[in-house]
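> Sequence:
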Amino acid sequence: MRLVLAAAALLLATAARAASLDGLPVEITNASEPVLCAEKDNVTLNLASGAVRAFRIEAAHPAYIGSLAVDRFAPDWTACPMKEEALAQPMPQRITLYETVEWQVIGYREQRFWRNADTTVRVGDRVEKDIHLLQIWYRFRDRAEEVLVLYPTDGYWRARPLPPSNLRWTAYGSSFLIGPVVVEGRPIVKIRDVTFDPATKTFTLTYPDGNVATVQLSTLNQELLGLDVTFARPISGGPFAALRSMYITEFNADVARIAVREKDAPGWREEPIMGFRRANATDLWAGRLSASRHNTSAPDMVFNAFRAEPPKASEPRIER
Numbered sequence: 663m664r665l666v667l668a669a670a671a672l673l674l675a676t677a678a679r680a681a682s683l684d685g686l687p688v689e690i691t692n693a694s695e696p697v698l699c700a701e702k703d704n705v706t707l708n709l710a711s712g713a714v715r716a717f718r719i720e721a722a723h724p725a726y727i728g729s730l731a732v733d734r735f736a737p738d739w740t741a742c743p744m745k746e747e748a749l750a751q752p753m754p755q756r757i758t759l760y761e762t763v764e765w766q767v768i769g770y771r772e773q774r775f776w777r778n779a780d781t782t783v784r785v786g787d788r789v790e791k792d793i794h795l796l797q798i799w800y801r802f803r804d805r806a807e808e809v810l811v812l813y814p815t816d817g818y819w820r821a822r823p824l825p826p827s828n829l830r831w832t833a834y835g836s837s838f839l840i841g842p843v844v845v846e847g848r849p850i851v852k853i854r855d856v857t858f859d860p861a862t863k864t865f866t867l868t869y870p871d872g873n874v875a876t877v878q879l880s881t882l883n884q885e886l887l888g889l890d891v892t893f894a895r896p897i898s899g900g901p902f903a904a905l906r907s908m909y910i911t912e913f914n915a916d917v918a919r920i921a922v923r924e925k926d927a928p929g930w931r932e933e934p935i936m937g938f939r940r941a942n943a944t945d946l947w948a949g950r951l952s953a954s955r956h957n958t959s960a961p962d963m964v965f966n967a968f969r970a971e972p973p974k975a976s977e978p979r980i981e982r
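In terms of my numbering, the sequence shown opens at residue 663 and continues consecutively.
Read the hints as simulated data drawn from the structure, not as lab findings.
Keep in mind that a hint or two might mislead.
Unchecked claim - Pairs of lysine to aspartate or glutamate residues, derived as EDC-like cross-links and limited to a Cα-Cα distance of at most 16 Å, are as follows: (1) 925 <-> 689; (2) 852 <-> 780; (3) 791 <-> 780; (4) 863 <-> 977; (5) 863 <-> 787; (6) 863 <-> 764; (7) 791 <-> 772; (8) 852 <-> 871; (9) 863 <-> 981; (10) 863 <-> 808; (11) 852 <-> 792; (12) 791 <-> 855.
Claimed, not checked - Distance ranges between label pairs, derived from CB positions: (13) 698 <-> 734: 16 to 24 Å; (14) 735 <-> 698: 13 to 21 Å; (15) 981 <-> 874: 23 to 31 Å; (16) 713 <-> 804: 41 to 49 Å.
Keep in mind the model is a prediction, meaning the values are calculated, not measured.
The beta-carbon is built from N, C-alpha and C at its ideal position, and this holds for glycine as well.
With these hints in hand, go ahead and build the complete structure from the sequences.
Below, the structure written as structure tokens:
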């Protein structure tokens, strides 16, 4: 336990060194609710500010990743009323949208999806409709690794770093939303158009109100995956981003703890995820300090570097 806590402290210290010490504080509110089904997202952290035009999202391996010998990533349908419906889904159509020796972009068309697929998807010169899922794959050490996914029809993203040396594969866990968040049955972001530029590893998202976001895959290594987000104009009147995850118990969760660095505070405030209410903070970490029986290797999530003006564009830093 001491080793785990020490590793967790190191992770938070790393986040603090990367913290936006002069960054804007954003309002973080918790809309989570208790559930019994581990396959239902019941954790919701909303991020709101009428001034933010740029920020960073990181998916980082949990502090205990180096100690894992056995990973658990199978679905847990205990107490899930939608099990039969989920397992009865037909196989989707798989489409290769872009491919090189190092990179691959795969699209999927579902026969049944909970929202209509009216988003236009552009990858390089290719234009497609009815794409429910986009996958970004990267070839690392003679193996293709899926590192990032986007569901264009409801705006959900998932990310994971390259696997550490002690594991061949790691699980996805929390999801996140980028853009004007609305609730239609569950929190979503409506996207009119998605364009991915393979050369710069950048997504351009156009929302129904005409606002535009760019999301660059700027960092990818065996510690973390980093996305740099820029909006054409700030999003007011609601959240500009949200974290979605799952918590049943401390030992059955994709997110169990939260840490926030409030504006001008001398240190981090740490709490159990379900007890947290709100904060005005420049930095947010959400993850686990002890191994869960659900998606054990799934990454922690970090949101920081909130800015009123976008920084200068930089080249992606990809581990080879």
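> Each hint: holds or not?
The hints, checked one at a time:
Using a Cα cut-off of 16 Å, the hinted pair residue 925 and residue 689 holds, with the two alpha carbons roughly 11 Å apart. At most 16 Å may separate the alpha-carbon atoms for a hinted pair to count; residue 852 and residue 780 meet this at roughly 10 Å. With a C-alpha separation of about 7 Å, the suggested pairing of residue 791 with residue 780 holds against the 16 Å cut-off. Of the pairs offered as hints, the one joining residue 863 and residue 977 holds, with about 9 Å between alpha carbons and a cut-off of 16 Å not exceeded.
Between the alpha carbons of residue 863 and residue 787 the distance comes to roughly 15 Å, so the proposed pair stays at or under 16 Å and holds. Distance hint between residue 863 and residue 764 is fulfilled; the C-alpha atoms sit about 12 Å from each other, no more than 16 Å. The straight-line distance between the Cα atoms of residue 791 and residue 772 is roughly 12 Å, inside the 16 Å bound, and the hint therefore holds. Straight-line distance between C-alpha atoms of residue 852 and residue 871 comes to about 10 Å, which keeps the hinted pair within the 16 Å bound.
A hinted pair counts as satisfied when its Cα atoms are at most 16 Å apart, and residue 863 with residue 981 qualifies at roughly 14 Å. Of the supplied pair hints, the one linking residue 863 and residue 808 holds, its CA atoms being roughly 14 Å apart against a limit of 16 Å. A C-alpha spacing of about 14 Å is found between residue 852 and residue 792, which places the hinted pair at or below 16 Å, so the restraint holds. Our distance criterion of 16 Å between C-alpha atoms is met by residue 791 and residue 855, whose separation comes to about 10 Å.
Evaluation of the 16 to 24 Å hint for residue 698 and residue 734 yields a pass: the beta carbon distance comes to about 18 Å. Between residue 735 and residue 698 the beta carbon distance is about 20 Å. The supplied range of 13 to 21 Å therefore holds. For residue 981 and residue 874, the Cβ-Cβ distance of about 29 Å falls inside the hinted range of 23 to 31 Å, so the restraint holds. Taking the beta carbon of each, residue 713 and residue 804 are about 46 Å apart, inside 41 to 49 Å as hinted.
Comparing the model with each earlier hint shows no violations; every hint is respected.
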